[in-house]
Amino acid sequence: MATVEAPVIGITVLYFLAIIVIGYYSRQRLKSATDYYVAGRQVGAVVNGLALESTYLSPASMLGLPAYVFIIGYPFWWAMAAIIAGMPIATLLTASALRKYAPTSFADYYADRYNDERLRWIVGIVTVIGAVLYITLSIVGMALFLLAIAKVPYIVGIVVGTIIVMLYVVWGGMIATSWNAAFQAFLMTVAAVIAAIAILVKLGGIDGFYAAVAANNPKFWNTPSDPEAPHLLSGTWIAVIGWFFVWHYGFATMPYTVVRFFTTMDIKTARRSIFWCTLAAGIFYMALEVIGAASKLMIETGPMGGEGANAVAILKNYMGQYGVGVWTDYSMIAAVEALQNPWVLGILCAGGLAIAMSTAAGWVMVVNVLMTRDWGDMMLKSKFAKENPVLLARIVSVIFLLVGLVIAINPPGLVLDLSGWAFVVIISALGPGLVLGLWWKRATRAAMWTTAIVMTVLHLYAWLKAKLVLGHHAFFFLNDVIFGNPKALITPHQVWAIPVGFLLFIIVSLITKPVEEEAVQKYCVELTQEV
Amino acid sequence: MPWPPKVFWVGAILYYGFTALCWIAEATSGINHVVGLPFWYAAFLGSFVIPLVMSILYFYFPEKAEEARGGA
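If you read the protein sequences in the order shown, they are chains P and Y.
Just so you know, this note's numbering puts 9 at position 9 of the first sequence, and the rest follows in order with no gaps.
Just so you know, this note's numbering puts 1007 at position 7 of the second sequence, and the rest follows in order with no gaps.
In case anyone wonders, no lab produced these hints; they're calculated from the structure.
Don't take each hint at face value.
Below 27 angstroms or equal to it, Euclidean Cα-Cα: the simulated DSSO-like pairs (lysine-lysine) are [to be verified]: (1) P:K386 to Y:K1064; (2) P:K522 to Y:K1006; (3) Y:K1064 to P:K100; (4) Y:K1006 to P:K31; (5) Y:K1006 to P:K268; (6) P:K522 to Y:K1064; (7) Y:K1064 to P:K268.
The following residues of chain Y were derived to be distant from chain P, with all beta-carbon distances above 10 angstroms [stated by the list, open to error]: (8) I1013; (9) L1021; (10) G1070.
Since we're looking at a predicted model, the values are computed, not measured.
Heads up, the beta-carbon is just placed ideally off N, CA and C, and yes, glycines get one too.
Produce the complete structure using the sequences and hints provided.
Laid out in structure tokens, this is it:
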């Protein structure tokens, strides 16, 4: 094991102890299946808001988004801004109505609104695919922070991280997950803010930071209207607008955030929790934007750099040394490492573990409710599931974490990339049925089925074709057919899929039989009144 | 037909309008080249202040309406 300074180990161990203690004590409050599934609907606004932040924002945020800023340049700040702005949008679009309805699982709304219990299967399948990919990504993220900062061997990192998440999810279900996620949100936000402030101080404040970044990379602050864009992927306004919208509506429709609306005390708490989430996440993202912008400069002028240093080459060396992920995964860590402050690094390690663990736990809670209650009890009519809901939910949690652990031992690059696909496919396949189901009386059962199936298959095909045939998943998958040029149109993460999903849903709804009036009245009209 | 409350559209116009104005100013006046300015309008306002104002609008006005109706 390489040398690592005491504050890094100390802070990391303290973090692990803290979440184990929170998990252990929260199990004493667990009295029923409702407590396990939705924390007894007793979570307050601050705790739920912070839990929303840490659950929604995955290692892809902490590692991936600063890396995108590093590569794509300043225009990517707007994609990050749109993610935060998507949070308040969800307040009145889905959160308030869903909390008024107070379901238990993510699939409840679909089954009731469209009056079709079988929808629990298709909603569950799409969600399970997303869960496996995200849990794997989160386990890899945990290990990557432990490896790159605390120098813990990768295999030890994935095992330790998975066991700790398993402990608190099994002990306290949604209660433990909520309290731990709130603590984790606080920690990851503080970690990013401390790192960003240290960078700004080093570079001489905001103006000094701007000037230093511009001197290091003259194209960094450019937009598509400037003669030279920072990167091909931010080279046109269509691309910038695409990045802006690609993750914008995720907060309103993703299962792991939607179920958090069910855990709050009431509709007022649900609304206020989004305020707390937006507050913490906004601060967190501002910090990540600064770190991402300064990454190249920090790496090239830090202890690993020097005269004529190249950040990409340095990061490729990192990756060669650690052998996990891709070189961009290390840009954020390397930028903070360049500060040469073990306390900042220790807090960053704990913050990185926090963001990864909270996302893994959040997804485990979504799927354990779906598989135990929806599939086991309601669809398969299992006596065991009915009589032992908490035990079965715990077993399902352990299985999903073990599956993630096994895949994470030697994670194929494609699996990690596919988590980005999963995010968009869930919005495009299940989002229209959720949003339009609430706000459009004409939304039909056939449209729900069609959109869920067609968008999952079409989007997988499009993503794979763009990535494997055209060369990058951010290239529009029909570029070669329509334009004869694989790079003609940049549509990040197939941003077209979301409008196409909504359009398909609307067209099928207009030509198919409406849902029974009683269900529409109850799950559309009444839920959206006075949200 | 159900329709989101007016305050939803106020927040949406505030955010999308602000973003559009920033992009227009970048494309026409190059404000992204004023030292330090992108931090203030894209990071501080775009990623933090304006979304936060939206989230306040989205709980304050519905709560006011509930109070006026005599509800919770």
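**Prompt:** Going straight from one Cα to the other, do K1064 of chain Y and K268 of chain P come out at no more than 27 angstroms?
**Reply:** Cα-Cα ~11 angstroms, so holds.
**Minimum Cβ-Cβ distance from I1013 of chain Y to chain P exceeds 10 angstroms** = holds (12 angstroms)
**Message:** K1006 of chain Y and K268 of chain P were given as a pair; does the straight-line alpha-carbon distance stay at or below 27 angstroms?
**Reply:** With Cα atoms ~18 angstroms apart, K1006 of chain Y and K268 of chain P stay inside 27 angstroms; holds.
**Request:** With a cut-off of 27 angstroms on the C-alpha distance, tell me whether K386 of chain P and K1064 of chain Y pass.
**Result:** violated (42 angstroms)
**Request:** Hey, is G1070 of chain Y genuinely clear of chain P, shortest beta carbon separation above 10 angstroms?
**Result:** It holds; G1070 of chain Y is separated from chain P by about 12 angstroms at its closest Cβ, greater than 10 angstroms.
**Message:** Quick check for students: does the CB of L1021 of chain Y sit more than 10 angstroms from each CB in chain P?
**Reply:** Answer for L1021 of chain Y: holds, closest chain P Cβ roughly 13 angstroms.
**Prompt:** Would the pair K1064 of chain Y and K100 of chain P pass a check requiring their Cα atoms to be no farther apart than 27 angstroms?
**Reply:** Between K1064 of chain Y and K100 of chain P the Cα gap is close to 17 angstroms, so the pair holds against 27 angstroms.
**Message:** Hinted pair, alpha-carbon criterion (27 angstroms max): K1006 of chain Y, K31 of chain P. Please report holds or violated.
**Reply:** violated (41 angstroms)
**Prompt:** CA of K522 of chain P to CA of K1064 of chain Y, is that 27 angstroms or under?
**Reply:** holds (25 angstroms)
**Request:** With a cut-off of 27 angstroms on the C-alpha distance, tell me whether K522 of chain P and K1006 of chain Y pass.
**Result:** Status holds; Cα separation ~22 angstroms.
When the structure is compared with the earlier hints, violations turn up for hints 1 and 4 and for no others.
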